[in-house]
Structure formats: structure tokens, C-alpha cells
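Q: Each chain is listed here by its residues.
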Amino acid sequence: MQKQDIYDWIAKELAETFEIKPALIKPEARLYEDLDIDSIDAVDLIVRLKQATGKKMAPEAFKAVRTVEDVVEAVYRQLQEHGA
Amino acid sequence: MAWNATAVRVGRAALFALGFMLFGLGGALMQLVLVPLVFVLWRPPQRAQVGKRIVHRAMAAQVWLMQATGAMTLTVHGREKLQRKGLLILPNHPSLIDVVILMGLIEQPDCVVKAAMWRNPFTAGVVRMAGYISNAVGPDLVPTGLESIGRGNNLIIFPAGTRDEPGQPQHFQRGAANIAVRGLAAITPVIITVSEPTLTKRSKWYRPPSHKPHFCVHVLDDIELAPLLAGHGEAPLQARWLTTWLEQFFSEEIARHDPS
Numbered sequence: 001m002q003k004q005d006i007y008d009w010i011a012k013e014l015a016e017t018f019e020i021k022p023a024l025i026k027p028e029a030r031l032y033e034d035l036d037i038d039s040i041d042a043v044d045l046i047v048r049l050k051q052a053t054g055k056k057m058a059p060e061a062f063k064a065v066r067t068v069e070d071v072v073e074a075v076y077r078q079l080q081e082h083g084a
Numbered sequence: 001m002a003w004n005a006t007a008v009r010v011g012r013a014a015l016f017a018l019g020f021m022l023f024g025l026g027g028a029l030m031q032l033v034l035v036p037l038v039f040v041l042w043r044p045p046q047r048a049q050v051g052k053r054i055v056h057r058a059m060a061a062q063v064w065l066m067q068a069t070g071a072m073t074l075t076v077h078g079r080e081k082l083q084r085k086g087l088l089i090l091p092n093h094p095s096l097i098d099v100v101i102l103m104g105l106i107e108q109p110d111c112v113v114k115a116a117m118w119r120n121p122f123t124a125g126v127v128r129m130a131g132y133i134s135n136a137v138g139p140d141l142v143p144t145g146l147e148s149i150g151r152g153n154n155l156i157i158f159p160a161g162t163r164d165e166p167g168q169p170q171h172f173q174r175g176a177a178n179i180a181v182r183g184l185a186a187i188t189p190v191i192i193t194v195s196e197p198t199l200t201k202r203s204k205w206y207r208p209p210s211h212k213p214h215f216c217v218h219v220l221d222d223i224e225l226a227p228l229l230a231g232h233g234e235a236p237l238q239a240r241w242l243t244t245w246l247e248q249f250f251s252e253e254i255a256r257h258d259p260s
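Read top to bottom, the protein sequences are chains A and B.
As numbered in this note's numbering, residues 1 to 84 make up the first sequence, in order.
As numbered in this note's numbering, residues 1 to 260 make up the second sequence, in order.
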């Protein structure tokens, strides 16, 4: 999975599962401040990621994420670690 | 006349000061004697249950005292609805005393409280003993809250997360709705009104209201969730939708019950 694919998947998920306006979804958008994604939503997102990729996602890897781009990076690294 | 009004106000300030003093004294006694005793005598999970009952009694005593001394009056409508187990109770939050009144009315109250209370030396022992839920638990709020309700506690969450701004529309956090949509059949709304702004977010404790505050607690009928959530997608969307619905519901109910 390439970073662009991961980004597209997250953008689609944000728009569909959380009904975030697509115009707001950008790599630099901050999850909490700009997109109103709270910590409970973040856990939901990670669970969905696990289901979609069939790979393990360590919750600790997402502790410091602030923007959509950060999530893409964290997912990319997780996929590398657990064999993409 | 003006002198009289001032005298009454000074008298009320003295009553409030007395109330705070006794609350502080009771708190200190609890911290220094009861809390250590409970920690020695009970292990988890019984400890938290015993702790919750002790806090319930202490709060009920405080409310009785405030009424007996004439610092405030209180009317409760629908008290019997609180005599059940495993409720998620959502109140509005006009005054500092709300939580004292509610915990005094509810036998086994659990509560989501400010994380700062675990660091405040006056409250640290009590919140640990009673095993309350910190508002800093993040996503663990959902499993922790559901588990507490499942054990038969009545979980109080102030959905606004802080005291109300008088006259402002209600704005809620999504935590309570997230607990509700992920495992509950119903929620119990409580509307609290006060005849005089009393110990609000902005008021100072040493400047009490000019008239004796009358608190009114209206325990409303349960809100059944299934019909409300039908057709609103999965949990994340349901929680968003329920939060907006509750903001509207509370704003309307507060306006309907508010004496002023």
C-alpha cells in the first residue's frame, strides 16, 4: 500500500463514517481542531484500519498524531513493520 | 430597606461560608479518617462501591444541612426515577452544588469528574476511594463507563463538561452520547434550575445571591435510544447525531422549567 492509497482510504473513511465535509479533508488538516475527531473517534478509525488492512495497528503508534498526514505516516510505518 | 437587604446578604454570605467550612471539615475528616479506613478494610472492587455509598451519605448530609440552616431550598420532581440501578444520568450544570445535590439523591453514584481532582490534596483520597472516572481517560471512557453502569452504578455525566454559561445555548461533548449508543437502551435526563444564579462558573463564593436560592431538580422520563437512533448509521454518526439532539432537547427543557 502506497502513502497515496492510505491517504485516499482515510479521506474516504472520514467523509463516510464521520460525515466530515470533503472540502475540509486535507493532509495538513488537524484531526481535533479542524475535523472534530476526538479520541473515541480515533480509536474507531484505527479499528476500521485494522479491519481494512487485516494488519495489526499498535495504538501507541497513533498517540502523537495531530494531522491527517501524521495518520498516513503512522499507518505506513505500521504496515512496513507488520509486513505490507 | 437598603440596609436590610445588605444585612440579609451578609447573613447569607455567612451561611455560605459556614456551608463551605463544614464541607471542608467534612472533607478533611473523610480524607484523614474514613478514606484510610476504607482502604484498609476493603479491596477493589468492593472498595469503590463502599466509597460511593459513603460519598452519597456525606453529600445527602450536606444538602440536608444547607436546607436546615436556610442557605437554600430544594424541590425534587421524579425522585423515584433515581431509585433504580444502572442508569446513565445526564444533568445540566447551572451551579457548583448540582453534583452535591445529585450524589445525595442517588444511592450508588459514579461520576465523570475533572482529572484535577486526583491531584488536589482535598479531593485526591475521596475520588480514589470512590473510584470515579477521570475526564482524562480519553477513549477508555466508553468501556469504563459501560462497565460501571453494568455493575449497577448510576453514572452521572455532565454532558457539557463544565458549568453552564447562564443564558447560553447548551454545548455538549460527545463522550456521554458515545457511551449511550455503544451499549445502552436508554438515558435519564435531569434538568436542574436555580431561582438565583448561585455558585455559577463566574460567581464568587463569597458573593452569594441576594435572595435565598431555590434549587429544583426535575428527573425527566427516560429517553429510549432505539427509535431515536434508527437510520442514523453506525456508532460514530449516531453519537454525533444524539449529541446534537440532546443539545436541542436540553435547551428546550431548561427553557420550559426555568423559573426566571
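It is worth saying that the hints were derived from the structure and are not from the lab.
Hints may be right or wrong, so weigh each one.
So the derived list for chain A, only partly shown, Cβ under 7 Å to chain B, looks like this [what the hints assert, rightly or not]: (1) E13; (2) Y32; (3) S39; (4) I40; (5) Q51.
All C-beta atoms, glycine included, are put in the ideal place defined by N, C-alpha and C.
Q: Indicate, hint by hint, whether the structure satisfies it.
A: Now the hints, each set against the structure:
no., hint, verdict
1, E13, "10 Å, violated"
2, Y32, "12 Å, violated"
3, S39, "4 Å, holds"
4, I40, "5 Å, holds"
5, Q51, "12 Å, violated"
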